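Visitor: Chains A and B, in that order, give the protein sequences.
Everything in the first sequence is counted per my numbering, starting at 1 for the first residue and increasing by one.
Everything in the second sequence is counted per my numbering, starting at 1 for the first residue and increasing by one.
Hints listed in this document are in silico derivations from the structure and should not be mistaken for laboratory results.
Among the clues, some could well be false.
As the list claims (entries may be wrong) - Just the calculated beta-carbon pair ranges, DEER-fashion:
1) B:R85 with A:N81: 24 to 32 Å
2) A:S150 with B:L163: 46 to 54 Å
3) A:T147 with B:Y263: 38 to 46 Å
Claimed, not checked - Below 35 Å or equal to it, Euclidean Cα-Cα: the simulated DSBU-like pairs (lysine-lysine) are:
4) A:K241 with A:K71
5) A:K225 with A:K241
6) B:K282 with A:K143
7) A:K148 with A:K195
8) B:K282 with A:K71
9) A:K225 with A:K195
Values in this document were obtained by computation on a predicted structure and should not be read as measured data.
Note that the Cβ used here is the ideal one computed from N, Cα and C, for glycine as well.
Residue-level listing of the chains:
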Amino acid sequence: MADTLMAPHRSAAASNDTVLSVRNLQAWYGESHVLHGLDFDVRPGEVVTLLGRNGAGKSTTLKAVMGIIGKRSGEIQFEGNDISRASSDRIARLGIAFCPEERGIFASLDVRENLMLPPAVRPGGLSLEVIFELFPNLRERLKSQGTKLSGGEQQMLAIARILRTGARFLMLDEPTEGLAPVIIQQIGHTIARLKQQGFTILLVEQNFRFAATVADRYYVVEHGKIIDGFANSELEANMEKLHAYLGV
Amino acid sequence: MDINLQALFAQLLVGLINGSFYALLSLGLAVIFGMLNIINFAHGALYMMGAFCAYFLLNVLGIGYWYALIIAPIVVGLFGILLERTMLQWLSGLDHLYGLLLTFGLGLIIQGVFQNYFGSSGLPYAIPEELRGGINLGFMFLPVYRGWVVVFSLAVCLLTWFLIERTQLGAYLRAATENPTLVRAFGINVPRMITLTYGLGVGLAALAGVLSAPINQVRPLMGADLIIVVFAVVVIGGMGSIMGSIITGFALGIIEGLTKYFYPEASNTVVFVLMVLVLLIKPAGLTGRTA
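From just these sequences and the hints, can you work out the full model?
Guide: Here is the structure:
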């Protein structure tokens, strides 16, 4: 395990080279304690992927960072701001954009309204032209009801709408879940292109092969803790361990 | 059957007027229910407060009808915001029943206080000078004020519909009705939106109260009488749709009016009979979504 990647003992406040720095993150759904002290960092321009079995706490980690979980504790620093007690609307306005696992397309809004819904939090969001270039399907479906789109189109819409906001840190929760290979490929291209443009991305993925095409680093989550972490270049060397972790 | 057109149109007009009030009130109830998940039983009392507000403005401060149309909804809307901030907000996430009981109690208290000071008889509120008199349309005589109430209510309803269905603010509102957590995670201050929505719904009720003051007089129980019918209208129309509330409101007013002409004995019950029928056939209401 590479110590520099885990960096659990370094003070979060002192680190200028991280966009997101999480220390001892704990979270609860009602009475049930689901995150048991996670430590991880995301550096500018990186794509970091959280891997792990179903129910390990990956999605919960994103929700805890976003502030949309019942109760959380620990240190969460985003670009030097302590957001561990901030409300989710404030966290969003600081520049974190979230794409939930269930996609969250609104049935009572048409595609254009869904796309235009998240308010701009910073200047420099992607223009509609660029978004339609990334996701040409959306342009043709602007007048359709949001939930009338196919699963793949809904996922594109869910990603597209947060690119408009100017947020430079994206959290994507299982963007490839249940999608056809050709669509997964398109989403992979999009993530690669966003990375090129300097976006920082925290990704939750079950689809390990997909993650391998886009990620710089991995953290393995199990029972609400980070149990391992390595860079994409160390992937081959860690393959066996990873199979054991993920039980594939 | 011998049809007396004069009388038929007169009843149709009464129906349209009642329909205007039904539409304004059920529209507010639908908006509030969508965002707060609360069936606002205080709506009738707040409607009555709108009328009293107009009365006080005129008789205490000498401020007339036209200003009251703007001031009363704002004042009563602010009172609604106070209720939401101090009480209703703590009920979010609980069963409908809690909100229903709380607002029902609030309605009774407000009504009781007004009854204590003003009794049960009506206070007069004069029709503003510009809207007095009537126009002979040939087939009927149209009192100007009544025509104004119908046209103005319809305009306010359509404006509210436009605001909710066609603007960015309305898109926030519709989205937050579906998934408030996610809308908040996009950076929108949803709690503040909920408060303002309650204020808007209450403001619509108060506006209906001002409109009604010159027609029905200003009475502490004016809301209690009306709100029972309005809830039946809401049940028939369903809570789901804005346009549904508007159309159902006007349609039921007209149906009531027609019943008054053709079979007056049933005019007070026709809405409730329709409600029972709708509940039997389509429990979510004509335009409603199942919760």
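Visitor: Against each hint, give a clear statement of whether it holds in the structure.
Guide: Hint check:
1. B:R85 with A:N81: 24 to 32 Å: At roughly 28 Å between Cβ atoms, N81 (chain A) and R85 (chain B) fall inside 24 to 32 Å, so the hint holds.
2. A:S150 with B:L163: 46 to 54 Å: violated, 32 Å
3. A:T147 with B:Y263: 38 to 46 Å: With Cβ atoms ~45 Å apart, the hint holds.
4. A:K241 with A:K71: holds, 32 Å
5. A:K225 with A:K241: holds, 16 Å
6. B:K282 with A:K143: holds, 29 Å
7. A:K148 with A:K195: This hinted pair holds, its Cα atoms lying about 30 Å apart.
8. B:K282 with A:K71: Violated: K282 (chain B) and K71 (chain A) sit about 40 Å apart, past 35 Å.
9. A:K225 with A:K195: holds, 27 Å
Violated hints, in rising order: 2, 8; the structure is consistent with all others.
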